[in-house]
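A.B. asks: Okay, here's what each chain looks like letter by letter:
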Amino acid sequence: MSERMSEQPYINTMDVYPLEAAEQNKLYKFYDSLREGRLTTTKCTSCGHIPWPPRTLCPNCTSDEFEWIDLPRKARIYSCTVQTAGVPPVFEIPLYMAMVEFDNGLRMLTRLVETTEDDLEIGREVELAVLEVPGPMSRVVHAFKPVRGN
Amino acid sequence: MSERMSEQPYINTMDVYPLEAAEQNKLYKFYDSLREGRLTTTKCTSCGHIPWPPRTLCPNCTSDEFEWIDLPRKARIYSCTVQTAGVPPVFEIPLYMAMVEFDNGLRMLTRLVETTEDDLEIGREVELAVLEVPGPMSRVVHAFKPVRGN
Amino acid sequence: MEIRRVAVVAGGASKFGARQATYRDLISEAGKACYDSAPGLSPNDIEGFLLSTVMPERFVFQTHVAPLAAETLGVTPSKLVARVELLCASGSSAIRLAYGFIASGLADVIMVAGAEKMYTPNPAETVHHTLAAGDREWDAIHGLTAPPSFAMVAQRHMKEYGTTKEQLALVSVKNRRNGARNPIAQFRKPITVEEVYASKLVAKPLNLFDCCPITDGAAVIVLAAEHRVKDFTNEPIWIWGTGQAGGGNNAANVPGWAEWPRLRVAAKNAYQMAGVAPEDIDVAEVHDCFTISEIIEYEELGFCAKGEGGKFIEEGRSDYGGQVVVNPGGGLISRGHPFGATGIAQAIEMKQQLHGHAGDRQVPNAEIALTHNLSGFATEHTIMIYGREPK
Amino acid sequence: MEIRRVAVVAGGASKFGARQATYRDLISEAGKACYDSAPGLSPNDIEGFLLSTVMPERFVFQTHVAPLAAETLGVTPSKLVARVELLCASGSSAIRLAYGFIASGLADVIMVAGAEKMYTPNPAETVHHTLAAGDREWDAIHGLTAPPSFAMVAQRHMKEYGTTKEQLALVSVKNRRNGARNPIAQFRKPITVEEVYASKLVAKPLNLFDCCPITDGAAVIVLAAEHRVKDFTNEPIWIWGTGQAGGGNNAANVPGWAEWPRLRVAAKNAYQMAGVAPEDIDVAEVHDCFTISEIIEYEELGFCAKGEGGKFIEEGRSDYGGQVVVNPGGGLISRGHPFGATGIAQAIEMKQQLHGHAGDRQVPNAEIALTHNLSGFATEHTIMIYGREPK
Ligand SMILES: [Zn+2]
Ligand SMILES: [Zn+2]
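Residue numbers (the numbering used here), protein chains in the order written: chain L, 1 to 150; chain B, 1 to 150; chain Z, 1 to 391; chain G, 1 to 391.
Hints are computed from structural coordinates only; laboratory data are not their basis. Each hint should be verified, as a subset may be incorrect.
[As the list claims (entries may be wrong)] Cross-link-like lysine to aspartate or glutamate pairs, in silico, EDC-like; alpha carbons within 16 Å at most: (1) Z/32 with B/64; (2) G/159 with B/121; (3) Z/204 with L/65; (4) B/145 with B/114; (5) G/32 with L/65; (6) G/165 with G/195; (7) Z/15 with B/64; (8) G/204 with B/121; (9) Z/204 with L/64; (10) G/15 with L/64; (11) Z/159 with L/121; (12) Z/32 with B/65; (13) Z/204 with L/118; (14) Z/204 with L/117; (15) G/204 with B/118; (16) G/32 with L/64; (17) Z/165 with Z/308; (18) G/204 with B/119; (19) G/204 with B/117.
All chains should be modelled from the sequences, with the hints used to inform the complete structure.
C.D. replies: Structure, rendered in structure tokens:
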């Protein structure tokens, strides 16, 4: 008997991050844009609906044609918390999370980075940050960080 | 971001073998007996029903009281095959498997070891073999091997 | 159209907790308790079988679990066999589907089992699995599991309605006190508000004792069409009404934070079908996955006005002697929360309460009962209303 | 008792195969095809939603999949939301539960979606996951997955009835020929008996081309109560009958090897409910996970006498111009087998066949259709019978 599985360097079953490449994901352009520092979503070319997360089927008019649009780089905290116990093993404590809201009313769940508990305030302005996903594939994940006075 | 999970020496999610110890399994005595070279199952002390696999609830009379009994060490092949492609990664090709039948009519699926294709014959006599499960825990798994003329 | 009347005719659960038992051991234990609850019932009576369970694929590397569980319980289905999943509300969802199947006339007697084995050798691995519950590609990538989700809900409710940390804690104190009287409960020791505050901070404002635990457990009930009920029991509980409404899975699209509008829809449909109003409910098991949840549920179920959930617990109106006894069995916080088993355990508690078998946690003269089971980011809500008498 | 009449009013599937798409992408694609199939249908019409899927928890690290899929398809359920699993027969099981829920009067319009994303970056990991399908603790520990299971079934059938390897191969040749005409099929190239023999030996006596492939795919249908049918389509297919019977999960307790007695039970119940006999079936989609399966299904469905399944294919009686056209859509062998989607795809094929929209794979004048979906070690069997006209 062998135990090859446990020697695998990468175990998809244990991987919380999605596969981001074109050969795995119809929304691969989201990740390509993010790698360039742009946060994007899809816009239905038929009815103009702008969803989050991006979609390949419009929930409003059932069209499957869409274009990519940029979202604002800044948003405000709608609700937030910091988790200090029981976080999943690929994350570290303290783990800051927020629901943020853009000017256009769209909301998005996000991690908060480069932050402290003092920043955890409903209404606080935050801006896009892009993180690298560790591991064998080149992947990125979006996050937000508090806007600091310049 | 850390990736502690992939550094885990043991990943339960990927482990096909059950947890065999008393603190994990009410049927732990099956594994204790197997470690001593005995293949056992439960017998309902209320109605006498003998199931395979062993059970903590009698499907016949819904009693939950049982005793352990030994099964015969020998059985005959009821059906069999050898898998030569597409076996799961913790197993190796050729992978011999059989449904074996005991004198008392009870049947059991099993791996066949110490065998060749020549032994794959309906009616062939086989006998118990006990294998160690590789990995951090001390575990055993039953199998059968062809009875060889002495 | 006239709908066939259906009742719960048997029910039993395993002990809930960190169990020295396999998934199948738990199912066996609950099955035993269910068969013992209705001496006329044998495995051969069961025509259909539904199993409610969430993640055996990850927790115990097993799928096709409905046939496995049926086999474990001695059942050979001749009319229905399937597994039902709706995360934490899988149990109530399975009950509703079994109800519909019997009500339609397609079967007369269906067993509904619920089970989850959540403890694994490495606790971190169990927590890791719960990342699969949210929208994995867009929410779980940020580390979102249940505690921070409901912490953010609590933040909004506290801001909008002035709900206090003490009011949250009082929910836990009540449910731990109730659970102390429930033999199957995971936690059987009452606690104080101070002990809630002193427990580890998990996700602000929720401390450990504001959260339900990780639990192993199973529960099994049997539903039967009216003409079969007497074959099994003199103490059935009857399904008077049910409602279910969903709102999606992605956190960004949650319809409401301090408000839970989809719960309002599910409740309205269930009350209407049952022909009762919130004030008619004598006893309820609601989904207190976190203390904040029970407070919002008081409001959205119509037990009190919107925003007054905190006051409702503070004034003892959800306790014995109050308006409606909520979570007499200890709720998820004290009984524990083996995902797939919870909705089934709620039904069993209601059966015991409506027939005076709840021991020293008995609610006097309970005749009409409600269960509420939620899932996801409080987006999906599933309600059952049971009566001691047929309606 | 009178049961409400229910019809399939819309249906569409994604392309099946090794797809450059996520789980959610597949669901979107199938949803699009479903909406397009009934121009009067909008997401707002859908009251209930069931998702049929087996192992997203392992394949894509996602549970609570029904709300996620509903959200993806623009559906906000107000009456029902849940996920249904019965391994390879999840799709038909979900259709039956939706049928019961509508027939009972609890809802009028339910969408039933099925999906599976099975390709992972490491093919060995996908195969490893399939160990979870059998009884993990007692069967999978020996390495048992589907191919050796059905190889052992084939060994018994060959021994008891003289079924030949050529007869097995002919099933694959027929289904590949049919699938070549199905735009969604994974394999669209006809093959010969010699090519079956020349394909890799997987588990004696089964070669690679005796086996269905690993597949990504999704399929979506909508069921409606009679009084709503005309709102959506002039081309419904009506549920005339259904049956399901199970026999457990452990290989040792399989009730029959060369015989499948639980299929007989399910078939008898379905025929009886529909008021038809095997010879009335014009077209069927049956569960050809392996070539041997289809041969045994001819027998147990009553298309031919027991033991004569091999002769049935040899004589062309399951082909165009024969007694009953079996697997005109290519079956699992050619269309592919994304676990949760298969039962739904079978229904869609039947809808196309009964209304003359099956293109160059059209079965002439088909009026009565049957689908058979199995799961496990051929232990659980699920059957639907559809008619072009209401019954
Ligand atoms: Zn649109
Ligand atoms: Zn017994």
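A.B. asks: Determine for every hint whether it applies to the structure shown.
C.D. replies: Evaluated hints:
1. Z/32 with B/64: Holds, at roughly 7 Å.
2. G/159 with B/121: Roughly 11 Å separates the two Cα atoms, so the pair holds.
3. Z/204 with L/65: The given pair, whose Cα atoms are some 42 Å apart, is violated under the 16 Å limit.
4. B/145 with B/114: Holds: residue 145 of chain B and residue 114 of chain B sit about 6 Å apart, inside 16 Å.
5. G/32 with L/65: Holds, because 11 Å separates the two Cα atoms, which is no more than 16 Å.
6. G/165 with G/195: holds (13 Å)
7. Z/15 with B/64: holds (15 Å)
8. G/204 with B/121: At roughly 12 Å apart (the allowed maximum being 16 Å), residue 121 of chain B and residue 204 of chain G satisfy the hint.
9. Z/204 with L/64: With Cα atoms ~41 Å apart, residue 204 of chain Z and residue 64 of chain L exceed 16 Å; violated.
10. G/15 with L/64: Distance of about 15 Å is within 16 Å: holds.
11. Z/159 with L/121: holds (11 Å)
12. Z/32 with B/65: holds (11 Å)
13. Z/204 with L/118: holds (13 Å)
14. Z/204 with L/117: holds (10 Å)
15. G/204 with B/118: holds (13 Å)
16. G/32 with L/64: Holds. Residue 32 of chain G to residue 64 of chain L sits at ~7 Å (cutoff 16 Å).
17. Z/165 with Z/308: holds (14 Å)
18. G/204 with B/119: Between residue 204 of chain G and residue 119 of chain B the Cα gap is close to 14 Å, so the pair holds against 16 Å.
19. G/204 with B/117: holds (10 Å)
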